[in-house]
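Asker: My request is simple: use the sequences and hints to build the entire structure.
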Amino acid sequence: MKILIVGGGMAGTILANNLARRLHGELRSGKVKLTMLSASERHMYQPGLLYLALGRMTPDELYRDQASLLEPGIAFFVDPVEEFQLDQNRVKTKSGTVFDFDILVIATGSRPVPELIPGLAENSETFYTEETAVKMFRKLQAFAGGRVVIAMGVPHKCPMAPLEITFMLHDYFKDRGIRDKVQLHYTYPIGRVHSLENVAKWAAPEFERLGITYETLFNVKEVDGAAKVVKSEEGSEAPYDLLISIPAHRGMEVIEKNKLGAGGWIPTHRHQLTMEGRKNVYVIGDTTNLPISKAGSTAHFEAEALGENIAAIVKLGSPVRDYDGKVFCFIEAGKDRATYAMFDYQNPPDPKAPTKAVHWFKTAYNKLYWVSARGLL
Amino acid sequence: MSEKKVIDARGSFCPGPLMELIGWIKLANVGDELELLSTDKGSAADVPEWVHKVGHELVGVREEAGVWHVTVRKAK
Ligand SMILES: Cc1cc2nc3c(=O)[nH]c(=O)nc-3n(C[C@H](O)[C@H](O)[C@H](O)COP(=O)(O)OP(=O)(O)OC[C@H]3O[C@@H](n4cnc5c(N)ncnc54)[C@H](O)[C@@H]3O)c2cc1C
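Protein chains in written order, with the numbering used here: chain A, 1 to 377; chain B, 1 to 76.
Be a bit skeptical, because a hint or two may be false.
Straight-line distance between alpha carbons at most 30 Å, and here's what the computed DSS-like set of lysine-lysine pairs gives [unchecked claim]:
{"#": "1", "chain 1": "B", "residue 1": "K41", "chain 2": "A", "residue 2": "K326"}
{"#": "2", "chain 1": "A", "residue 1": "K259", "chain 2": "B", "residue 2": "K5"}
{"#": "3", "chain 1": "A", "residue 1": "K174", "chain 2": "A", "residue 2": "K201"}
{"#": "4", "chain 1": "A", "residue 1": "K231", "chain 2": "A", "residue 2": "K135"}
{"#": "5", "chain 1": "B", "residue 1": "K5", "chain 2": "A", "residue 2": "K221"}
{"#": "6", "chain 1": "B", "residue 1": "K26", "chain 2": "A", "residue 2": "K231"}
{"#": "7", "chain 1": "A", "residue 1": "K228", "chain 2": "B", "residue 2": "K53"}
{"#": "8", "chain 1": "A", "residue 1": "K326", "chain 2": "B", "residue 2": "K5"}
{"#": "9", "chain 1": "A", "residue 1": "K259", "chain 2": "B", "residue 2": "K41"}
{"#": "10", "chain 1": "A", "residue 1": "K257", "chain 2": "B", "residue 2": "K5"}
{"#": "11", "chain 1": "B", "residue 1": "K5", "chain 2": "A", "residue 2": "K231"}
{"#": "12", "chain 1": "A", "residue 1": "K259", "chain 2": "A", "residue 2": "K174"}
{"#": "13", "chain 1": "A", "residue 1": "K221", "chain 2": "B", "residue 2": "K26"}
{"#": "14", "chain 1": "A", "residue 1": "K228", "chain 2": "B", "residue 2": "K76"}
{"#": "15", "chain 1": "A", "residue 1": "K201", "chain 2": "A", "residue 2": "K279"}
{"#": "16", "chain 1": "A", "residue 1": "K259", "chain 2": "A", "residue 2": "K352"}
{"#": "17", "chain 1": "B", "residue 1": "K41", "chain 2": "A", "residue 2": "K279"}
{"#": "18", "chain 1": "B", "residue 1": "K41", "chain 2": "A", "residue 2": "K228"}
{"#": "19", "chain 1": "B", "residue 1": "K41", "chain 2": "A", "residue 2": "K352"}
Please keep in mind that the hints were generated in silico from the structure rather than gathered at the bench.
Answerer: Take a look at the structure:
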């Protein structure tokens with residue numbers, strides 16, 4: 001049986017390693033072949049970008065060689081897929097190679113698309129790529145005071161990032177001794193400061209306590225760089241001296257080009273993680289159309305459920321469990337305090353007051369991630 | 001021709017039903033209808049509020065077996 005994983009990010013890597021362990025015997029005997037195709041020979045720990053933008057991590061700390069993260073037995077090629085020929089059970093890559101599959105898993109992730117909003121890319125700082133995070137770091141260092149506006153597009157990966165960057169900027173400017181010269185103004189697309197009601201209930205008074213102003217029902221329509229104003233779909237305007245944005249995201253272009261899903265989001269069964277209408281094609285990580293957080297933890301829990309199911313298909317002929325919508329997100333509440341939110345399709349989160357202990361656990365996780373990617377944690 | 005798209009946001013706590021709608025409406029064409037399914041009763045209030053504020057059209061809100069169906073037409 002040929003299992004093909006397209007994408008070597010969080011979801012693809014955790015799944016591949018999980019399967020390599022579960023199907024160790026089958027891989028050795030040649031009964032199963034496990035192949036991964038990716039677009040990069042490096043693996044980035046994307047959550048580190050938040051720290052990079054604030055000078056608390058350096059670019060080299062974000063990367064490992066992808067091959068070094070994979071269990072023996074996984075055939076790995078840096079050769080991005082260009083054509084998904086699902087009716088023929090095969091894909092065609094950039095090099096022109098054709099890979100057949102019995103089971104296909106698509107885990108190509110998502111990408112920020114600031115270009116969708118007029119003026120956004122040219123006039124805002126963002127930390128969603130290495131290049132822009134380094135640029136933001138320099139811009140922050142040179143910033144001596146003024147009005148900082150935080151604005152975001154929908155959807156975006158890592159739904160905690162808007163709150164985290166805001167709380168961390170508060171401490172960043174405080175540490176530099178210029179907090180009194182900086183006005184922090186947070187905007188959010190819906191009618192409260194975070195999509196999770198319990199998180200919003202905690203964050204809004206926290207903003208007030210720290211002197212951070214906020215405006216809800218604010219969806220960025222355009223940025224007027226000359227006048228230094230962000231305009232919202234709802235008709236309001238936010239003047240800024242420094243604009244920090246989290247751009248809206250889309251799935252990868254290859255997904256749209258192959259007509260697998262509008263916006264690059266593939267219609268996915270919420271429990272089985274199959275692509276709608278297909279029995280042997282699965283989708284995990286950011287590229288699903290599921291109404292859950294686009295986050296590494298989502299990718300992780302989906303990969304674990306799918307790993308168990310694919311191994312069961314090989315050994316028993318059918319899947320054995322459902323994915324329950326589980327997500328776990330840390331929330332940095334400043335430079336040295338954090339909390340977390342855990343929830344699934346049935347149960348909302350109930351975040352506790354931030355503590356130093358949770359922050360230190362997140363700091364440890366920034367290193368432990370590499371163990372997690374290997375499928376050991 | 002305009003189509004109707006169903007957005008299944010049942011059990012969505014984060015990003016949540018309204019955020020799902022905001023994301024998907026951007027991908028729709030003017031005139032398209034989007035039917036949002038939500039298990040959060042707050043959607044019956046916060047979705048219409050946003051739709052009116054931005055200037056889209058609210059086609060209808062109904063509840064069926066604990067699921068709110070909020071239908072919106074993209075107006076611009
Ligand atoms: C600033 C920032 C902070 C974040 N913080 C957190 C956090 O604190 N907690 C959390 O849980 N999550 C966080 N995330 C989100 C998390 O990083 C993503 O949700 C996660 O990486 C998604 O995993 P994925 O495997 O779906 O996609 P990715 O990890 O992006 O991987 C996609 C893979 O697909 C490959 N690929 C792309 N196109 C092709 C192709 N055509 N053929 C083959 N391969 C292809 C890429 O090379 C890559 O290997 C953060 C993200 C950012 C940017």
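Asker: Return the numbers of the hints above that this structure violates; sort them in rising order.
Answerer: 9, 12, 15, 16, 17, 18
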